[in-house]
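There are 2 protein chains.
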Amino acid sequence: MLMIPGPTEIDERVIRAMARQMIDHRSDEFRALMKSVVEKSRKIFEANSSDIYILTASGTGGVEAAASNLTQPGDKVLILSAGLFAERMAEAFAAYGANVVKHPLENGQGPNPVAVKKLLETHPDTAIVGFPFNETSTGIISRDVKEIGRICREHGALLVVDAVTAVGGVRVPVDEYNIDVCVAGTQKCLATPPGLALVTVSKRAWEKIEQKKLRPPYFDLVKYRHFMERWETPFTPAVTLFWAFDEALNIIFEYGYERWLARHAAGAAGLYAGLRTYGLEFYAGPGFESPIVAAMHIPPGLTDTAIRETMKKKYGILISGGLAHYKGKMFRIANIGLITRDKVVNTIFALGKTLKSLGMDVDVSAAVENTERELDRNWPS
Amino acid sequence: MLMIPGPTEIDERVIRAMARQMIDHRSDEFRALMKSVVEKSRKIFEANSSDIYILTASGTGGVEAAASNLTQPGDKVLILSAGLFAERMAEAFAAYGANVVKHPLENGQGPNPVAVKKLLETHPDTAIVGFPFNETSTGIISRDVKEIGRICREHGALLVVDAVTAVGGVRVPVDEYNIDVCVAGTQKCLATPPGLALVTVSKRAWEKIEQKKLRPPYFDLVKYRHFMERWETPFTPAVTLFWAFDEALNIIFEYGYERWLARHAAGAAGLYAGLRTYGLEFYAGPGFESPIVAAMHIPPGLTDTAIRETMKKKYGILISGGLAHYKGKMFRIANIGLITRDKVVNTIFALGKTLKSLGMDVDVSAAVENTERELDRNWPS
Numbered sequence: 021m022l023m024i025p026g027p028t029e030i031d032e033r034v035i036r037a038m039a040r041q042m043i044d045h046r047s048d049e050f051r052a053l054m055k056s057v058v059e060k061s062r063k064i065f066e067a068n069s070s071d072i073y074i075l076t077a078s079g080t081g082g083v084e085a086a087a088s089n090l091t092q093p094g095d096k097v098l099i100l101s102a103g104l105f106a107e108r109m110a111e112a113f114a115a116y117g118a119n120v121v122k123h124p125l126e127n128g129q130g131p132n133p134v135a136v137k138k139l140l141e142t143h144p145d146t147a148i149v150g151f152p153f154n155e156t157s158t159g160i161i162s163r164d165v166k167e168i169g170r171i172c173r174e175h176g177a178l179l180v181v182d183a184v185t186a187v188g189g190v191r192v193p194v195d196e197y198n199i200d201v202c203v204a205g206t207q208k209c210l211a212t213p214p215g216l217a218l219v220t221v222s223k224r225a226w227e228k229i230e231q232k233k234l235r236p237p238y239f240d241l242v243k244y245r246h247f248m249e250r251w252e253t254p255f256t257p258a259v260t261l262f263w264a265f266d267e268a269l270n271i272i273f274e275y276g277y278e279r280w281l282a283r284h285a286a287g288a289a290g291l292y293a294g295l296r297t298y299g300l301e302f303y304a305g306p307g308f309e310s311p312i313v314a315a316m317h318i319p320p321g322l323t324d325t326a327i328r329e330t331m332k333k334k335y336g337i338l339i340s341g342g343l344a345h346y347k348g349k350m351f352r353i354a355n356i357g358l359i360t361r362d363k364v365v366n367t368i369f370a371l372g373k374t375l376k377s378l379g380m381d382v383d384v385s386a387a388v389e390n391t392e393r394e395l396d397r398n399w400p401s
Numbered sequence: 021m022l023m024i025p026g027p028t029e030i031d032e033r034v035i036r037a038m039a040r041q042m043i044d045h046r047s048d049e050f051r052a053l054m055k056s057v058v059e060k061s062r063k064i065f066e067a068n069s070s071d072i073y074i075l076t077a078s079g080t081g082g083v084e085a086a087a088s089n090l091t092q093p094g095d096k097v098l099i100l101s102a103g104l105f106a107e108r109m110a111e112a113f114a115a116y117g118a119n120v121v122k123h124p125l126e127n128g129q130g131p132n133p134v135a136v137k138k139l140l141e142t143h144p145d146t147a148i149v150g151f152p153f154n155e156t157s158t159g160i161i162s163r164d165v166k167e168i169g170r171i172c173r174e175h176g177a178l179l180v181v182d183a184v185t186a187v188g189g190v191r192v193p194v195d196e197y198n199i200d201v202c203v204a205g206t207q208k209c210l211a212t213p214p215g216l217a218l219v220t221v222s223k224r225a226w227e228k229i230e231q232k233k234l235r236p237p238y239f240d241l242v243k244y245r246h247f248m249e250r251w252e253t254p255f256t257p258a259v260t261l262f263w264a265f266d267e268a269l270n271i272i273f274e275y276g277y278e279r280w281l282a283r284h285a286a287g288a289a290g291l292y293a294g295l296r297t298y299g300l301e302f303y304a305g306p307g308f309e310s311p312i313v314a315a316m317h318i319p320p321g322l323t324d325t326a327i328r329e330t331m332k333k334k335y336g337i338l339i340s341g342g343l344a345h346y347k348g349k350m351f352r353i354a355n356i357g358l359i360t361r362d363k364v365v366n367t368i369f370a371l372g373k374t375l376k377s378l379g380m381d382v383d384v385s386a387a388v389e390n391t392e393r394e395l396d397r398n399w400p401s
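These protein sequence lines are chains A and B, in that order.
By the count of my numbering, the first sequence reaches residue 401 at its end, each step adding exactly one.
By the count of my numbering, the second sequence reaches residue 401 at its end, each step adding exactly one.
A couple of the hints might just be wrong.
For identical chains, the list gives no copy identity; a pair is met inside one copy or between any two copies.
To be verified - In silico lysine to aspartate or glutamate, EDC-like type, Cα no more than 20 Å apart, as pairs:
hint, residue 1, residue 2
1, 334, 145
2, 166, 195
3, 232, 59
4, 122, 252
5, 334, 44
6, 347, 44
The hints are simulated quantities; they were obtained by calculation from the structure and are not laboratory data.
The task is simple: from the sequences and hints, build the whole structure.
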């Protein structure tokens, strides 16, 4: 059982959707598929005025598409960082010649509108503000994206958001929040096999993109826009993944997108209730605990490896460790995609048994009970 | 039936290989898959000293990986062009600041060693020479890659080859030919669904890559090398396509790689015999006719659309038209991947009937007979 922050488990229907003979990507059949996928994605992003593009690349590729299309050399880019994925974003902009100003966020906090306003006053020449909607590496969610979007627009800065793990798990309404370029992965809360990235582009972002004369061809969004006029991609797309994604979106809309989001919220409520009962400490400060992935300090005396190996060997549940300089210092449990009550309950149960077997004094029954109570209270009907 | 130059038809076993529940890409299971795929790919490229990387991207992305990793701003890059894919290569290098010198090849010719030698004497500061092994847009194969590789090495220039449609159809021994960076697609002669690109890197190429301080993160080959030490990719790979590719390689090696190449050669012999019987004119000059894709002028009085639509509607066979400025001026028939005798024969038969129905005086029986004779003579036992 995968309880890692992607790739996630996939519905049988999605698996079957890929089991087809190949088609020409310059055919009416592919164009219909593209149209279907884009129109459904539009609902996910609540995008009326923004465009949506689908790249054959991982989420990191999508973030690079944002950076490489928007950045003029020397552009001041403000990155609000609470972990590794913000650092990657900074790296992508720097690779295309941006003058990156990194603003480390206070321990456990997401981006703060008051701080952003001050930063933009200190750096009035900021061209772009960027941060992850959900910082997967530290389990911190950005709560105030709408307000930050308003502030960015007020200051004439574009807002770029890495929503790779957020989209499908929480609302990411790009127009309403003034997100100029938003990047999503399909292999996270949208429960599709990995290999595609979604990129939304606002009208303001287009103005900046069009000013660039030279864009790296593979991620050139102007080319994408041109081919999208006939529902095609400039280069050969990963056709099987388009089939998979289309079916994953069918499943989401049959279930109801609001309910899909509510299910993620309910899963998070149950998960956190159990984790708190074990007395685990989160990297996220109060109110910033990510509903997508919980990141916990390793309890004193225990090791990352012991926890994860026990979970895997004894209970068949895969959870994640820390990334980069958090390696060995944290463990992470995701609540992504095909979340079910029993997945959450089994994870809390297995984690309790694991912690206990490693010498920690935890009350497994109480944790399971608290988890179940929260699931019952929150699970969408 | 797909007779287009990619994506190609896929074996049922390859389709089934993807029909699995998702796994963690940081697991022993994925590492074993990666190792398997890389070691088999090594045989395809006859690569002993070169490294092989697998990118989640189309072939164009692979070419961009070559350009973005190798190019220092101002580097002189000599591109030998016989069509659109050479132009794309030039565009990729230019996007990363290269001083691109385009050398248009004489009509219908592949790169010529004598001309390359002269060009390198005229431009002794050439850092990189690049061209497509198989120019898919005009049906021209490069015959003299080995000799050109020797000349490039003699002159201290790196050789970059776009072998996206060539690999798996003809021998592309990267070490023997001194190809420093070779890019292959898996969705062509390797008969895998699209979405992965292969990139080989020679020791000499590494020296140049390491000189660069800033590489675009998504295609950063130094990162790829680092993660390959433990058989992983830096970012989430398209796992389902790795399964597909692994099974496609199993099929190729069970059949025998030499035989697989011989089958492509036999298919080409049969295809060209039929096309010649119809008196069609190739873009490729004598000796440069690509065994991977045949590109023909539209016979006088006929149109591209009429030929392709009739082939599709009456015979269920998809062939391709021209690209960019060849649009409406040519048609192309591919001989890629899962080539069988009956595919070739049916295509020649259907094409003859099509040309006849459009008013051309052709001898369908003679063409089919000539095709079959060549197939019989060349098909591997």
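Against the structure, the hints come out as follows:
1. 334 x 145: neither (55 Å within a copy, 62 Å between copies)
2. 166 x 195: For residue 166 and residue 195, the Cα distance is within 20 Å only inside one copy (10 Å; across copies 55 Å).
3. 232 x 59: Classified as neither; 28 Å inside a copy, 41 Å across copies.
4. 122 x 252: Intra 37 Å, inter 29 Å, cutoff 20 Å: neither.
5. 334 x 44: between (46 Å within a copy, 18 Å between copies)
6. 347 x 44: For residue 347 and residue 44, only the inter-copy Cα distance (17 Å) is at most 20 Å; the intra-copy one is 44 Å.
Checked against the numbered hints listed earlier, the structure breaks hints 1, 3, 4; every other hint is satisfied.
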